[in-house]
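Starting from the known structure of chain A, fit chain B onto it as the hints suggest.
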Amino acid sequence: MNRKGRRILWICLAVVVLAAAVSQFLFFFRYPYFRRYAAENGVTLLEARRAWGHPSEISEVAMGLAVEAARENWDRVAQIASVDRKSEVGTYYYNLSNAMRGTLPDRLMDYYQPFERGLFLPVGEKSTPFIIACASDVWFALGDMSMAERDAMLGMLFSPSHTGPRYLRRLAETNLVKGDTQAASKYLRILLNVPSHRRWAHSRIPGSWSPAVQSRIEAKRALLPRTDVVHGMDQTQIILRVLLNSNPSNKMALDYLLCYDLLTKDLDAFVADFAPNLTSSVLYEEAILIFLASKGGMSEDNWDHYHVSPSTLERFNRFVTLYKQNDGAMSSLEEFRKTYWFYFYFASHNEKK
Amino acid sequence: MKRSKVISSLAIVVAAVAFALLSCGREVDVRPAGAGTDRPAEVFPDYREVTIPCNIAPLNFYYTDPEGRAFVTTFTAPGVSVKIRGREIKWKEKQWKKLLSAATGSDIKVSSSYRSAREEVVLDWLMHVSADKIDPFLTYRLIEPGFEVWDDLEIRERNLESFEERAISDWKHTQNKCMNCHIHSHARGDLSMFYLRGQGGGAILNRGGTLRKLTLKDSEMISPTVYGEIHPGGRYGVFSTNIIIPAMHSFGPNRMEVFDTGSDLCVADFDQNHMFTFPQFAREDVFETFPVFSAEGDYVYFCTAPSKKLPAEIDKMMYSLVRVPFDAKTGELGTQVDTVWNARTRAKSVCHPKTSPDGRYILFTIADYGTFPINHSECDLCMMDLRSGELVPMDEVNADKSDTYHSWSSSSRWFVFASKRGDGMFGKPYFSHIGEDGTVTRPFLLPQKDPHFYDNMLRSFNVPDLGDAPVGFDAQEIGRIWREMPAEQFD
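Those sequence lines, one after another, are chains A and B. Using our numbering, the letters of the first sequence map in sequence onto residues 1127 to 1479. Using our numbering, the letters of the second sequence map in sequence onto residues 12 to 502.
Note that these hints are calculated values from the structure, not bench results. Hints may be right or wrong, so weigh each one.
Stated by the list, open to error - Covered stretches of chain A, as calculated for chain B (at least 3 residues, CB under 8 Å): (1) 1239-1247; (2) 1266-1279; (3) 1314-1325; (4) 1388-1397; (5) 1432-1446.
As the structure is a prediction and not an experimental result, all values here were calculated from the model. Just so it is clear, CB atoms sit at the ideal spot from N, CA and C, and this is done for glycine as well.
Isolated chain B, as found in the complex:
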């Protein structure tokens, strides 16, 4: 054999060995797992006994038993059976879609078996596949739980039917500006907004794909607008103005406390560039916050509480849920305030109300006290049937950590929320189905291509918000608007 041939043969062998070594890699260490850790269940994400929409991306997961081996998982639906070996379940998209399609309206039966350190483990479980589709787009802000400062923020839009994700606003195009979460108006991709803060910033309003940059403040307001929502008609927005103070807990499970020392209501007329303020909702002795419209747009729901000496009396700060009529012809809020959920009698505090697009439900968060329960581990979701005033049982949904920042799908059949279940630090998007009879199902975690994605994720999914269509802009366009478009003034 010629010398050159020997050398090239050797090179091929060396390359093959190197490739084999690299591709085998070391197995991911899944410890710690089990009771008392953030991976208490046998599988993560725990997709056992969940209800999923028929258009969801593949539910990849892994087995958490560090000592486990010889994993075999069989998925069965009418006419389809798929067997996967190994700790990680990573679906091929076509295979998953076939399974999902076969199981729509019924169940996927899953049979898992593996050898743990002591015994053979067999798990039989179901995934219920609802025929109700979920809105295919989800926007969220990715942010580190960094208390009062930020770095490298971005708002992303994820296609829930696949693993596609894109930035709709990011730090790269805005010189690391602060940006607040993106919200759709009742899950409409063509009607949404978010804030870019700081110099060159403003409220970015998306109406039918046309983007505007707005300075939503007039001389009577205590701050620029903070929380709020766009009217279903698209002309108005209702907002709160808040003086927000961050603080820390010295002890206990709740790390941070954020409270307002003042908050009022206002309405923005996006057609006339006019801010409406209201003396009845601008009192110093009463706080109003988190306003949203009813499905029809004829009421504004918001949270309200009498002011207290803060932070000394923070644990006495209880917000009730109330509503007031809204006149979509004039942009005026009425004066007749109805109490929907009374904080005094229930000894809890409400925030983040969101009405379902069909007008039947209002979903909100309750905590022991305060107005910013994202750091309150006791904070849970609560849902009221607006036809009866009855509360819908939510035991299947809530966990022992903060569950909040929810939004509805356009069909009112699904809602998404950020939950800190598990580690208690990082919010992750969970989805629940609500049936015709008002039954709410066990939530499932947003699936990711890599089943270990959440193990390494050190950012929170902040304010996950469902959309029926992609928003018609991207981070590059937002960067151009930030740089070049002057903000429209409101009076």
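Just chain A, same shape as in the assembly:
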């Protein structure tokens, strides 16, 4: 090859390298959460693309929710979830971010609610690996370390490399909260050998906790169940009631239980679980009114007992009037779209063939 030929070859190579670099830069810029979620799963970008396919705007949002939730950046989670994309994962993190800020029931009806699957992601043979990877977050927040550990273990099981800091950190922390330092040390040791997680793991080595870590672990420990009940994996109400029996002041667990009752339209369970002195929301007032009306219990005593406000009662009466006038036509009740009454009467399961 002569000198000119070599020059052309060098120029071509340089162009290819430059194009690849620009392409990678654009990729990072466009899909930052894909990259971070891949890192949390302990895989390279190439492996991630092989496992999950090419990222899209939708996957970027879902991964953004998962990544920010793992870091407990709840404001950021809420910000990403602010656009209702009618996805289970979107609703799950929308609800969780609201719960972490004490507004779960108040914001519940503002958003797409795929029944109970927006509160607790279904983990089973038909669940996607991504759904399973996210399922642990709500249990960890609620204080059920058994379920949080189980879902983290399953998330790791279905991750591309069967490991990953996302799961190892959760497994380490669930065991530290439970006081099982032997199990925790297994995961901490692995993380200590991952440079980007060394600092996190080091701060959690038993015996060398900072006041912040100590306080975090103790806060979680206060939520732990104190009685042993053997329950099925999907007996969500039982699990939440066990948490509440041990810690009646676990308001987040109470709200999750009440919202679960409401989203499954189990009003009997809702009334049995409802503790008006421990939590309140217009949502609960709306639900109580349906219950009282259906049971012939519309009395001032009951409204007082359940803290039903006059304004909610007035709106309910209008809802009932319009409902009756229009033979239950949904179109006539649009103004109530964000009420529990609307959900109760019109929400139905999408039957997938």
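Below, chain B alone, put in the same frame as chain A:
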């Protein structure tokens, strides 16, 4: 010097520096270690004062003290002395074999010294080398403790005399099918079986290297066969059929509970493709499970318990160990049930009985309650001398975490079991020796080429099972059988 020579010299220097940097690497961080962690001892695996067979692979290990330095370890046996410097002890195979050969029937004396943060540490310890060889093959299923689901399962066979390991069935060749653990009949490599579950699956029976795929179910059985064992004669298999329910504990050290809501016994005739079921062992109010044959094949041992309301009364579910005669001419189970270990009087529950091939012992697991103690930290191994009915002391063997899923070597001198000691989550294979006088020794962990292997292992060694020879098949052949071989029906 010519320009090209300068460039090539520079390239060599750069490559050498890069190679040096890469090969040095960062030292493995061994923290956390010490009391309250899964690495409480000064060395891991803790091979101090263990008894090992004279044909075992090199026992590689490392020192766990994170602050330790200047490690020196000297191994001495009659006529041989080896000094190794450094935190990691990684043997050259020839060197190890020479040491082992010199110490067979006696001890390897080990002297360790290192500088910890505060003082000079000296440890003197022994490894006893038994002249009793262990069966050289071990099969196990590698599975994540993933509760009720699975992914990427495989059954592997490890050569215990080296670090060679191979897949005998795996997810790659079976489209990620569930597979249950592989069991030998009394440690025979030429007589073994395991299950491939789901579509295209069946019980894979290995008799003398001939593989068959069997549907071990008839219309009277409550489920396909689950737990069981092949008769020493090879014609029959005894099994339980179980309706298995997984559940969770909300609190306490036991994470998961698995219980049966029904279980019966049956016998499969592999020659006639016939299932025997028995009304006396198919009652709804009594559960029967984990059947195995006696060494001679004239009895079937199994666990049994009266049914309870589950899961509410799970802590009252106590299984006894019993035996019933088996007629190898007809395939029939008798009706006279003898109690070997009474759950009611001992207030414990039995599972996983395994008779030693010489017929002298029966090894089983005891737990506070239930039938699936792999997640019960209190679950321990228990051994009965069948000649006297006395229990053999097992204090050296058991730990504070689940010890179960055991099997015997063909000589009855060794047994292997899965222990979750340490982290409590991941089962690892430990081996113990039993002497002529019935003395059971401190177990040792399956050695690995990389002493840090178990630090990074996130899968359990499930049902480790010893074999006197390699099974005559591999994962590729199992894949072909799964795809192409129709399952034989039983009636």
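Each hint tested on the structure:
| no. | hint | in the structure |
| --- | --- | --- |
| 1 | 1239-1247 | violated (count 0) |
| 2 | 1266-1279 | holds (count 6) |
| 3 | 1314-1325 | holds (count 6) |
| 4 | 1388-1397 | violated (count 0) |
| 5 | 1432-1446 | violated (count 0) |
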